[in-house]
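Chemist: As they're listed, the protein sequences go chains A and B.
In terms of the working numbering, the first sequence has 85 at position 83, counting the first letter as 1, and numbering is strictly consecutive.
In terms of the working numbering, the second sequence has 162 at position 161, counting the first letter as 1, and numbering is strictly consecutive.
If you're looking for bench data, these hints aren't it; they were derived computationally from the structure.
Please read these numbers as outputs of a predicted model, since none were measured by experiment.
Backbone N, C-alpha and C fix where the C-beta goes; we use that ideal spot for every residue, glycine too.
Watch out, some of these pointers could steer you wrong.
[As the list claims (entries may be wrong)] Short derived list, chain A residues pointing at chain B, Cβ under 7 Å:
| id | residue |
| --- | --- |
| 1 | ARG24 |
| 2 | ASP37 |
| 3 | SER42 |
| 4 | LEU48 |
| 5 | ILE75 |
| 6 | ARG77 |
| 7 | LEU97 |
| 8 | MET102 |
| 9 | LYS105 |
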Amino acid sequence: MARELEQTARELQRLDQLLQHRARLGICVLLAGVDRMSFSRLKELLRLTDGNLGAQLRKLEDAGYLSVHKAFIERRPVSWYALTEQGTHALGVHLAGMEMLVKSVERGARGGDG
Amino acid sequence: MNNVDAERMREDLAYVKEAVKRRRAGDLTPPSILVLWGVICLVGFVLNDFAPRFSWWFWCLVPAAGFVLSLVLGWRSSRRTGEVNWQEFRVDVLHWAGLGGALAVLFSLYAVGTLRGIGFYQALLLVLALAYYFAGVHLDRAFVWVALLLAAGAVGFVFFRTYLNATLGVLICVALVVPALMRRGKNGSGT
Chain A
3 MARELEQTAR ELQRLDQLLQ HRARLGICVL LAGVDRMSFS RLKELLRLTD
53 GNLGAQLRKL EDAGYLSVHK AFIERRPVSW YALTEQGTHA LGVHLAGMEM
103 LVKSVERGAR GGDG
Chain B
2 MNNVDAERMR EDLAYVKEAV KRRRAGDLTP PSILVLWGVI CLVGFVLNDF
52 APRFSWWFWC LVPAAGFVLS LVLGWRSSRR TGEVNWQEFR VDVLHWAGLG
102 GALAVLFSLY AVGTLRGIGF YQALLLVLAL AYYFAGVHLD RAFVWVALLL
152 AAGAVGFVFF RTYLNATLGV LICVALVVPA LMRRGKNGSG T
């Protein structure tokens with residue numbers, strides 16, 4: 003039991019504070035599957051308001067997880083977002099930590115049942 | 002970490018999973034490309050029956066131009082949708098370029114006399130059917146119907162030939178344009 007608790011604590015430490023917000027996690031997961039994505043596409047997929055999405059993107063950008071490139075398509079300004087190398091690494095570590103945590107909770111629940 | 006945290010984490014993961022699912026659902030061939038190939042197939046197959054002299058030139062030139070135009074339409078569509086994915090773009094290009102390579106080999110076999118007459122044409126339809134089938138399985142379900150029509154056409158030539166090309170052209174055009182119109186209606190755009 004003590005060993006399991008220690009392991010859970012270790013996994014919790016691996017979790018990225020910034021990616022513990024579902025919208026920020028969603029942004030990074032979506033960007034991990036493409037080369038770049040526009041603001042409006044992210045908004046459509048994550049079903050967020052302009053203000054909320056903009057705030058979450060800014061936090062990720064400030065942390066160096068995202069890069070932004072502004073361009074014009076058919077005379078309309080478009081902001082393109084891409085995951086940086088740092089962001090890709092952080093997402094990988096965070097997802098691995100989450101997986102271990104869910105597993106350890108499930109193991110704990112099974113142990114409690116038995 | 003308690004069960005409440007675990008539950009919240011599960012909900013967060015479900016939210017992310019839904020967003021990814023929505024992205025994949027929109028990951029289809031742009032309607033403009035489906036319409037383009039629907040028209041190419043219609044004109045080409047009808048020419049096979051009614052003006053075979055021109056059909057040879059048509060099939061040598063137009064599909065290559067259609068391939069280049071498809072790349073441009075695909076690129077424009079991805080920019081309009083707001084997603085750029087070079088990995089998917091590469092897979093699409095390699096798939097259809099592979100078909101181009103197979104057709105080049107078939108035409109070479111025709112030129113040296115290994116494949117002739119209706120056997121050559123049936124082999125051509127079967128290669129196209131196989132390429133469309135794999136495209137249907139790996140890229141876009143809409144192509145499966147085209148594959149079935151092409152395979153049926155290859156078999157159909159054993160039994161009858163009158164206007165079979167023209168019929169095939171019309172059916173393939175319908176199989177490509179109908180999903181294009183459905184997608185256009187759903188998206189409310191022509192991308």
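Chemist: Checking each numbered hint in turn, tell me which of them this model violates, lowest number first.
Modeler: 6, 7, 8, 9
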